[in-house]
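Chemist: With chain A held as given, fit chain B onto it using these hints.
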Amino acid sequence: MPKITSLAQLHEIHQQYAPLLDSRTNGQGVEGGERLLLVCGGTGCHASRSEQLVADLQTLIAEHGLEGQVRASITGCFGFCEQGPIVEVFPDGVFYVQVKPEDAREIIEQHILNNRKVARLLYTNPATGEQIETQHDIPFYQRQKRVVLRHCGLINPEDMNEYLAAGGYLALGKVLAEMTPETVIQEIERSGLRGRGGAGFSTGRKWQFARTYESGEKFIICNADEGDPGAFMNRSVMEGDSHAVIEGMAIAGYAIGASQGYIYIRAEYPLAVRRLEIALDQAREHGLLGKNILGTGFDFDIDIRLGAGAFVCGEETALLNSVEGERGEPRSKPPFPAQRGLWQQPTIVNNVGTLANVPYIITHGADHFRTMGTETSKGTKVFALAGQVKNVGLVEVPMGTTLREIIYEIGGGVRNGEFKAVQTGGPSGGCIPSQFLDTPIDYESLRDIGSMMGSGGMIVMSDKDCMVNIAKFYLDFTVEESCGRCLPCRIGNKRMFEILNKITEGKGTDADLAELRDLAQVIVDTSLCGLGQTAPNPVLSTLEYFWDEYLAHVHDKRCPAGVCEQLLRYEIDPETCVGCTACARVCPVSCISGAVKKLHVIDQTRCVKCGACMEKCKFAAISKN
Amino acid sequence: MPDVQVTIDGHQVSVPANSTVLDAAKVAGIDIPELCAHDALKPIGACRMCLVEVEKQRVLHPACTFPVSEGMVVHTASDAVLGARRFVLQLLFSERNHFCMYCQTSGSCTLQDLAYEHGLTHWEFDRAFPKMPVDASRQFFVMDHNRCILCRRCIRACDELVGNRTLGLKNRGADTMVIADMDIPFGDSSCISCGTCMQMCPTGALMDRASAYMGATDEITRVPSRCSLCSVGCGVELIVRGNRVIRVEGDWDAEPNKGLICEVGRFGLLHERRQRVRKPLVKADGALADADWDDALQKAAEGLKSAESAVVVSGFSSTEAAQAAVNQLPGKKMALGGALVNGDNAPLSVLDETDLIIVADVDLTEGYNYRMASFPIKRSARHRGVRVILLDDEPNGLDAWARYKWSPDEAERAVELAQHAEMPVIVYDQHSAALAQELAAQLPKAKTIGFAPEGNTAGLAEVGISEPFANDGFSAYYVIAGEAAEVPQELMDALAKADFVAVQASYREPWEDVADVILPSPVMFEKDGSLVNTEGRSFELKAGVTTRRPSEVEVIERLGALL
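Sequence lines, in order, name chains A and B. In terms of this note's numbering, the first sequence opens at residue 672 and continues consecutively. In terms of this note's numbering, the second sequence opens at residue 68 and continues consecutively.
Do not take every clue at face value.
[Stated by the list, open to error] Chain B regions said to be covered by chain A (calculated; three or more residues, Cβ under 8 Å):
id: 1; stretch: 107 to 118
id: 2; stretch: 132 to 145
id: 3; stretch: 236 to 245
[Claimed, not checked] Which chain A residues stay away from chain B? Per the calculated CB distances, all over 10 Å, these:
id: 4; residue: GLY871
id: 5; residue: PRO941
id: 6; residue: PHE969
id: 7; residue: GLY1084
id: 8; residue: ARG1086
id: 9; residue: GLU1246
Everything labelled a hint here was simulated from the structure, so no lab data went into it. Glycine residues also receive a C-beta, built at the ideal position from the N, C-alpha and C atoms.
Chain A on its own, in the form it takes in the complex:
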């Protein structure tokens, strides 16, 4: 591929490739055009052997001599992970779910050869019981607005022509040929784009700071160190639309005056790393990275830096240290990275999601972007929906969508029991109770109810979840991931964890509860970085909204959700027990007494709550509560 040397040439190439996507975007095939089977290559589907599925489909296509007429291709995450692996057939627009490699033959031989849809692979709406054929008719997608994920499930991330067909790099071309750095920054600022990594600082203003500092060298860093448990928004964008991230970085580089970028990505994302490497090579080959991009004199290149998987390295200053080869620990701010960052030079660290929004804003304009979202938070937000929700997956909604809409309309409701809380923002976020389900979510509203936007984790909890235990779980994570540099986070969180442990073991006191609250508040006030300052949020929010659960643990020595092992009581129902002695034999501490064919009794003072008896009992005579 020769280098693209001007914006005009880029437009030409876009026109040339655009028909590639016609069948996918308007639902109509080109006359004599090929049929396409798009297979999800996202994280979850990949794990469910979707790569094998593509290979099998290709083998079958060859077997039936369909090459040139039918093609199977990988694409980015469809988001509907609950139902993966997903195959979408174009131009028919038929959406198959839970497809296994074994189903490949049926799809090819029935659907492709005989035009008979494979009914058993269609999505069934659990509410109505009817089968749904197309993606946009599935309730999961109806409330979504895919901006950041615009190319995921649409293009093949490893084929740059498809990105160019989708208008890729036209934003960069427009910026370089028609805009000054100042107007780029103004446009981004006017769009209202805020950092998608969680803190929500205005991206335009951040760029403006970096622009104003005089320096021989500046840097753009893409923060791809996604570390929240259960979160895979950034990963999906990088795996499904790597070029959008690269294009966003190049635009940012032009805006602030940087010629070098780094993508800091965790080594646990090998697929994302591979796709980024492919995309970087392609972009360089096309002359869209490197020297004199599109003949405008702008130089910009990007290198990948692998992180070793420390949560704290997602904090921008710890990330800088890690890129420099130092221990990944945060630096004191100020000075902020925009003033003194990587190797003490002005540096912008932007989240993957933020950067992926940038080309969209340039292409569609700030005014269009502003039509989405709330007064203070514009655009959309991707959430990784998980926990006790029926449709686990990746959802993108306009800011201002309510939690209820996400959980019930998109997520399909609570999976196991009644809704209790939803946790947003990862380990740094808070647990939001049901009274806030109708809160339109944006950066401010989430903060006001004691949580945060964070990078977009959203974990639903039901009445089977113990909130004290949940707080302990998150704190365990933070204690494990604390870098150890500043004292409140290093020791304070550990002390909090110990107190929570005491409470879940039924050894908590009122003094512990008071101390927990004090500790949490002071850690927020005194920690060095965002990790420490937000680590107590799960504790603070559960103390606030689920105080009664704490009291039940401390006063009644009872876990209302029946989760905390040490607070459980195993009891034998005298009506059901047949005296088979199985439980007494399996008990590791021999605390069950009773003669053959007589009622057995558990000595509560000696029981270690291991649950072995309950598992062993064939008559379901043993219950825990």
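Modeler: Just chain B now, kept in the frame of chain A:
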């Protein structure tokens, strides 16, 4: 940039724009407690002891890193601040073993002082009682992880100041631990025993073996003096208790070392194994025996008078002693350690400014000499990307810091690179003076630092003793040796052949076999006087302790009177 106005606790001060709140507080005379901060180190804001309330800021900020800005209003003693400090201290005390009564640092401990200051009377949090190891694998000091508060001062000193980077961290969060190299015993590590980490430690985690439990802050006196054991002439503080020097520390305010000293300066004399000469010794029937001063001096005078004698003066003598030798003693005067090689020496501080250093056939990390000078070379290589070129055929302690290493025969390769440098510096000693001159002749921009042998060779030259020892067939010698241990073989051979030898020495070795008379000489802890270091700076030596023995000068004068 113009100064900015800052209000701290109601005091308005004007400070340079690049100051931190801590700097400004110092100007305002307001004390803000600190644990991880140290004037010689870059602040990292880790310990959170110096948290202050800055108006219009959401959270408390550490004074050590927070930059001032115009009109900033700071509160250092508000309820929030004091509460946070007490909280930080409570947490610190809950982390590891901080039972002061068993700690050797009790009474000299920053952490303990702060606890008293903030009224900590009991533990608020449950203590974890982790079992932490004690690493006692080093000869001179011990690392007790139980007392460590992870402030990282030791690690930063080892890295930022000494450039050695032996100390580091392993694990993270509450499991964080200070380690040496890749977590090997401290004693087997790349540590060079300079002890800077120990001097930095604000608690009892790094403990000096020699002075452990020997005296807390209010039981000791600190006597600022100089180390006269090599020609760098580092500023030191002699830590004295009961007329005994228990420890030597670097003087943070002193040039050229700025608080750093080497293994020799810190531990050398306190761990010296040679036998001190405490009384005059006179050889009788082939063995040295105690004598009184009058007899010994008389014996020395007789021996020196009866033959053609020469005086050999070591660079361990003060300038005053050398002057007395010139004035009072007859015979030719020669310098024991060798000649002064350097003409116009640059100050050592150029090592922190240069962009290229050529180390000309000298190992600055071995033996008795100039070790302190390796620290700025190491830290420059480590932190400023300075290219270090070694011209040496032998293994050199700076190998790991050198960008290039060539044989001295290939000096032209170094010249080729150095020609393009802004300010190359050539470092050498008496053995490589010729090589250095050759290099300097081709590098007009170069600065040179030549190290004189021993501590005060430059001082000897000032009073006219500049000729190195040469065996000119004298039959009697008077050697003013001081602490000298490494003596040129040529001199020892000459002494062995001479008819009569009298030595004024601090230790019996290596003189007992060749000397007819040994007169006691003070060591540097016991001396008043002056010395001139290799940069040509004049320094004052101050005795940390008093002795009943006559001073160096007094002995020379009394002997002179008899000759």
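Chemist: Please go over all the hints and tell whether each is borne out by the structure.
Modeler: So, going through the hints one by one against the coordinates:
1. 107 to 118: holds (count 7)
2. 132 to 145: With 3 residues close enough to chain A, the hint holds.
3. 236 to 245: holds (count 7)
4. GLY871: holds, 14 Å
5. PRO941: About 23 Å separates PRO941/A from the closest Cβ of chain B, which puts it past 10 Å; holds.
6. PHE969: holds, 28 Å
7. GLY1084: holds, 38 Å
8. ARG1086: holds, 33 Å
9. GLU1246: It holds; GLU1246/A is separated from chain B by about 45 Å at its closest Cβ, greater than 10 Å.
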